[in-house]
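Chemist: With the hints as your guide, set chain B onto chain A.
Number of protein chains: 2
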Amino acid sequence: MTALHEAIAELAQFNDDPAAGGITREVYTPTYASALEWVAERMRAAGLQTRLDAVGNLFGRWEGADPDAPTVLTGSHVDTTLNAGRYDGVLGVLGAIEAVRALRAAGARPRRSIELVAWAGEEPRFVTGCVGSRAAAGELQRADLDRLRDREGTSMADALRGAGFDPDRLGDARIDPATVHALVELHIEQGIVLETHGEQVGVVTAIAAPHDFRLTFRGAATHAGATPMGLRRDALAGAAEAMVALERAARASVSGTTVGTVGVLRARPGAINVVPGEVELDVDVRDSDLAAREQVVDAIVAAAREIAGRRDLEVEVTPIVQDVPVACDPTVVAAAEAACRELGLSYRPMTSGAYHDAMIMGRRVPVGMVFVPSAGGVSHHPDEYTAPADLDRGVQVLAGTLARLAG
Amino acid sequence: MTALHEAIAELAQFNDDPAAGGITREVYTPTYASALEWVAERMRAAGLQTRLDAVGNLFGRWEGADPDAPTVLTGSHVDTTLNAGRYDGVLGVLGAIEAVRALRAAGARPRRSIELVAWAGEEPRFVTGCVGSRAAAGELQRADLDRLRDREGTSMADALRGAGFDPDRLGDARIDPATVHALVELHIEQGIVLETHGEQVGVVTAIAAPHDFRLTFRGAATHAGATPMGLRRDALAGAAEAMVALERAARASVSGTTVGTVGVLRARPGAINVVPGEVELDVDVRDSDLAAREQVVDAIVAAAREIAGRRDLEVEVTPIVQDVPVACDPTVVAAAEAACRELGLSYRPMTSGAYHDAMIMGRRVPVGMVFVPSAGGVSHHPDEYTAPADLDRGVQVLAGTLARLAG
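Each protein sequence line maps, in turn, to chains A and B.
Going by the numbering used here, the first sequence opens with residue 1, and the numbers climb by one from there.
Going by the numbering used here, the second sequence opens with residue 1, and the numbers climb by one from there.
Chain A on its own, in the form it takes in the complex (with noise of 0.2 Å):
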């Protein structure tokens, strides 16, 4: 699949920080905008029927021998993280083009409509991700898009704007579920199950899902050589508590599979001789077991408030996104396990650690994801790395996914 691993290399050129050694395309950006061209141009030129919606979502779309039954759905995003790598949501895009054109190739001519998507800002440009899958979903509101802001206070409606779209249109990005049939995501792992156990492919059976939320401390700003220990109110020193108490309340979880991180930390006013008097922390814990993510998430609002009446603080709890594990659908599940057998490939059903559009999808309609090993599990980060065979495999298994669920 020389084609796929050329295509992934080309489209990593549409980046606004290549000082920085990865890749930065944001979503709604010029850049962003230059890059989903390209896409479009290139599902084009594999015969399938382009046009984007309201919010900038791409589909590319392969009419079946029977057009008005319900479509197979299948996709990621091309919008990155901050200086990210080159494969999260690139390959479920650029190689369902691959899927299609070897389907194609092949002499297929499925029952159903093959449609292919970008889903626009997965990453979380503004805070909330998967943006363009939550508007095909219904769930988000026009209110939503003024509240959304990114980390220099431009709304997700001020970027609609800018690039061309128009927020009020919202309603019309929305995908009524009784015409899709499934919703397949080919994706790379971004963790190390798959490495650890020397297997090809994964089958996603669930999707753990984030709740994530800000806690923001505050004390008193005062001078860091003329305020003594026993009078200060420095709220980084007690945001610093607060995390050593939430990596051991994602350690102590009951499923074993929580995950607590605080991603995004600012500190202000943010000079050497003050002491801190606000302190921001951006919390993401996720699990595929509801219950157990919200016991950690009790546990850590729990530790901050008694860390911050201790210190003399205050401590607000702010909501960013809670979102509910999804489990995967039987049949797509089943079709993604027939095309790994048929093509002789090891593979292992297991839980998605990470989440994506077809979590939000999949509140909706039937989903399944297929994943490829990370090397090292590193991703959003410039050294993501996914060999070329293993990019060919999960290529392979989409299209026999595929096969299966158009009929």
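For the record, the hints were derived by calculation from the structure and aren't laboratory data.
All values derive from a computational prediction rather than experimental measurement.
Hints may be right or wrong, so weigh each one.
[Unchecked claim] From the derived model, a few chain B residues whose C-beta atoms are all more than 10 Å from chain A:
#1 Glu10
#2 Pro30
#3 Trp38
#4 Ala206
#5 Glu314
#6 Tyr355
#7 Ala387
[What the hints assert, rightly or not] According to the in silico footprint, chain B covers these stretches of chain A (three or more CB under 8 Å from chain B):
#8 124-132
#9 161-171
#10 201-214
Every residue, glycine too, gets a C-beta built ideally from N, C-alpha and C.
Modeler: Just chain B now, with coordinates in the frame of chain A:
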């Protein structure tokens, strides 16, 4: 001292970020240059001869009866940290102008010349503070001007050029210690010692000095969902543990007066769904007891290395600044105490927890400081406040001290 209170309010108008609520006036910016020119004009209106030296220190001279006698220096700074208060530094410059006015109005004609000074860059725009007084003390080398950089990466040399100075003339800013009889600096306390004890004036007997350094933790920036807790190399989780250890080490100091602070924390890449792969902590440890301070620094570095080793992280220690505490000169202390007694004010001999330009010059010439209370000990913050009556008393004590030192 209504004039002083009004002058402080007027100088506060020179502000690069009024929307934030406080004062932002960093050295070598156009706003700082305008503020300094306003101060120079005020010095000239008080009968002083003004000049700028090679690094932008502003002097205002009141020629004494014996112009060749070593001079009495007094002053502070008018640059600020980000979103700071209006009194820190400013009081020592504008208050000195009022002290000279009061002495002249009373018909004084001192034997020694009195030189007022507004030192450039006391606040750490270039991470290292007191760059103006360091230049005057001969403690900056030409190479330092290229090495010292602000948060945008601008070197001090480039900032000097941008403000119209020639970094190659750094040596011209050096003050021959033999030409200085004594230096006294009036300042707000920036702590709550005077307020707690209900005393009107602080006479400083020693100035604590900082040992500042950066701890950089490096782990692996992996996916927050797909990386199980047991397989993480989370740089922020390690940094959190190190911050807890830092606070414990400062509290356990044998002197009982050491303070330890992390004022700046940078977590990269800084996305909610990515485990931080690199975290920088800018650490400040201070004491007037040098040995006790160094014990605390050693304990912090040892804890950081132990934590990093246990968590499979790398840790790097980068020096920032390491100053030596200064004991104030008995003659200057005695002059300030005599001034307090003459005025019938309650005063407290005390240590300065904050460092000041007087600490830098104190390695070369006899120095002393006079403190007035800070409401709530708040400093480097928009809420920084000293009551007009306290400002007034500070100016009276300074005038009395200068009169005694200048003869």
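Chemist: Run the structure past the numbered hints and jot down the numbers of the failing ones, going up.
Modeler: 6, 9
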